[in-house]
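Trainee: Fit chain F to the known structure of chain G by using the hints.
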Amino acid sequence: MKFDAKKDESSTLYFDYRKQDNTLVIALSGSMDSSSSPKFTTAVDEKLAEGESQIIVNLDNLNHLSSAGLRSILVVLKKIGTLKKKMYFVSSNEDVNRIFKMAGVYNSMFNVYESDEAVFKILS
Amino acid sequence: MKEKYLPLCGRYKHCQSYPLDAIIEMSKAVGREIRLENLLKGIIEKTAELMDCDRCTVFVYDETTNELWSYVAIGIDSNEIRFPLGAGIAGDSALTRKKVNIPDAYSDSRFNREFDEKNGYRTRSILCCPMINVEGRLIGVLEAINKNTGGAFGEEDEVMIECLSGCSAIGIERTFLTDKYIEYKKNQEIMSFAREIQMNMLPADFSTIACGSNAEVYAFISPATDVGGDFYDYFFVGDNRLCFAIGDVSGKGVPAALFMAVAKTLFSTIARGGATPGQILHRMNQELSRSNEMMMFVTMFAGILDTATGLLTYSNGGHNSPYIVFGDGKIEKLEAAAGTAVGLMDKTVYEEAAVTLNGSSAIFLYTDGVDEAKDESGRMFTVARLEAVLRGIAFNSLRGMADKVLSEVAGFTAGAPQSDDITILTVKLNGRAIPSEGGLYDRSFDCKIDNIPIILDFIGEAAGSLGFGGSFAFDVKVAVDEACTNIIDYNCAVGCKIDISVETNGQDFIVAIKNCGEPFNPTTVKPPDISLPLEERQIGGLGIFFMKQLMDKIDYESKDGLNTLTMVKRRPINTQSEVNLQ
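Going down the list, the protein sequences come from chains G and F.
Counting with my numbering, you get residues 1 to 124 for the letters of the first sequence.
Counting with my numbering, you get residues 1001 to 1582 for the letters of the second sequence.
Hints in this document: simulated from the structure, not taken from any laboratory.
Fair warning: there could be bad hints in the mix.
Going by beta-carbon spacing under 7 Å, a handful of chain G positions derived as facing chain F [what the hints assert, rightly or not]: (1) 12; (2) 35; (3) 67.
Since we're looking at a predicted model, the values are computed, not measured.
We put the beta carbon where it would ideally sit given N, CA and C, even for glycine.
Bound conformation, chain G alone:
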């Protein structure tokens, strides 16, 4: 895939934010590898500090997810739980879901929804 030149060149993980109602949707793209994954934790921390309390993380455009990426997702989820806030993961990405299933976290440690709409449906 071609990366947008305007994006942070030092990272291979990119964030696209949109707000719908009182929910923040973070669409991730690029790679969640051992070097880029800490950016995810930092980005969520920033948004939580800005007062966001309900976040959807969309992984559809992720082209790489390693155990370090998975670890950062779990670190974030733990923090969300402690702060009593909400986070929903969306992925129709078969590659990503295969990794989740392999690690035994798919729909067990957290639910994976097939679309943003599916989450909004539950929320409404």
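Mentor: Chain F alone, transformed into the frame defined by chain G:
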């Protein structure tokens, strides 16, 4: 108490067994001693007793000076006596190799009275017998003086002294051989020490090159004797000039080893000064041909490989042409820039040639101990056989290539003794992402976590162009990420590199990851309990679990400081059509 022997006692049986008993007595005496001084004392005492005479002397023959010498005389403390062969009665006996029996010494012109006069002794009867070994070599003379009965020595005494001389000769010779053996053992120790010194002159830590550069080196050397005339060397001059050489000094053993030490030192000194291969051989030749009375010489090949561009510059001083081995059945002989051996003529000009290596080829250098290795009937291994072996090599490692050649040579010679020094030097360049015809991608990365995305891009690009895309490439990238992250986090030494090569045979996608840090075998890590929360699992365990799940085969090897993790993923049948569409 044992009976005192009396010759010709009149009793038949006693007389018969007397010489035999005497020989046994003497044999026992000489068999006990391996020190010459003690042995001579023993012979003298026994002879005097058995011959029933007053005094006895053993003269030992000194081959180097053609003299007889003796330093023990019974009853009288005596220092060493020395006289030329032929002098005096004992000397005459030695020269003529005949017994000499004199009833009265003073009436014989050969007798030297000096000793008697000095010691107040009166020599009367003398019986001398030469001691000769089985090969007919003179060992010395056994001399009996003054028969105790007062008269002359008789015929029976002559038989007796001959028997005793035979025994004594064996004993004395044995002490000589023992001394020689001890000396030989000492020399052997010295030689094995010398071998160690010589071997230590050659670099053997191949990981120092692999570490921090994109070049790899492996060498093997086996001198035919304790020390040899073969050598190799390699080192970096500057950041990316890998300088290496292989050489073979004329002759064998110590002289060759001494010359080799000089040649190797000159090479290293001149090359480190920044000289080009041709200049190196030129200057070495000038140095070595000066005052070279023995006309020793060294055949050698010197090369400098620019590890950034792959350009190999080389010059050959009468050495066997090395090969570029492509690993796909093709080999190329580096025949250019061939000059004469180094050290013979000071006017020799050494030309240079150059060739560019790509990431999948290796340079194979050897000495004539390889192609001239002989089997028991004297047939040689030959260059043709070597070339056939090199063509058939699909090497995974340089060591694998050298081992293959060596095992073929060993198989050919089949136990025949090694006749010449055998040396192999191999050099390979990694880290240029230029696919060869065999479809191999090869690249070197600094050992830091920031490089993970670059590594993943490299894998993705290689996989795509080799016809492996989609989920297949996704899985491979995850496995490579896990492997490299583990290496960077736990195994990498400062300045280390990660070398990654990617290749395919059409069905299998093969990734080899090499690094020179701490050995760590991920294949032995137990699978994590995936029902546990991630934070409670073993560090790195999940990543290794991913690697194992995503790849079909994982092999790990740690050899000579280089760790190689090879991961294979087989193209699933049902993705064939998908791949073909790309």
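Trainee: Was the hint right that residue 35/G lines chain F, CB cutoff 7 Å?
Mentor: holds, 4 Å
Trainee: Tell me if residue 67/G is really an interface residue toward chain F, meaning its C-beta lies closer than 7 Å to one of theirs.
Mentor: Given a least distance of 4 Å, the restraint on residue 67/G holds.
Trainee: Quick check on residue 12/G please, does its C-beta sit within 7 Å of some C-beta on chain F?
Mentor: For residue 12/G, the interface hint holds, since the closest Cβ of chain F sits about 4 Å away, which is under 7 Å.
Taken one by one, the earlier hints all hold for this structure without exception.
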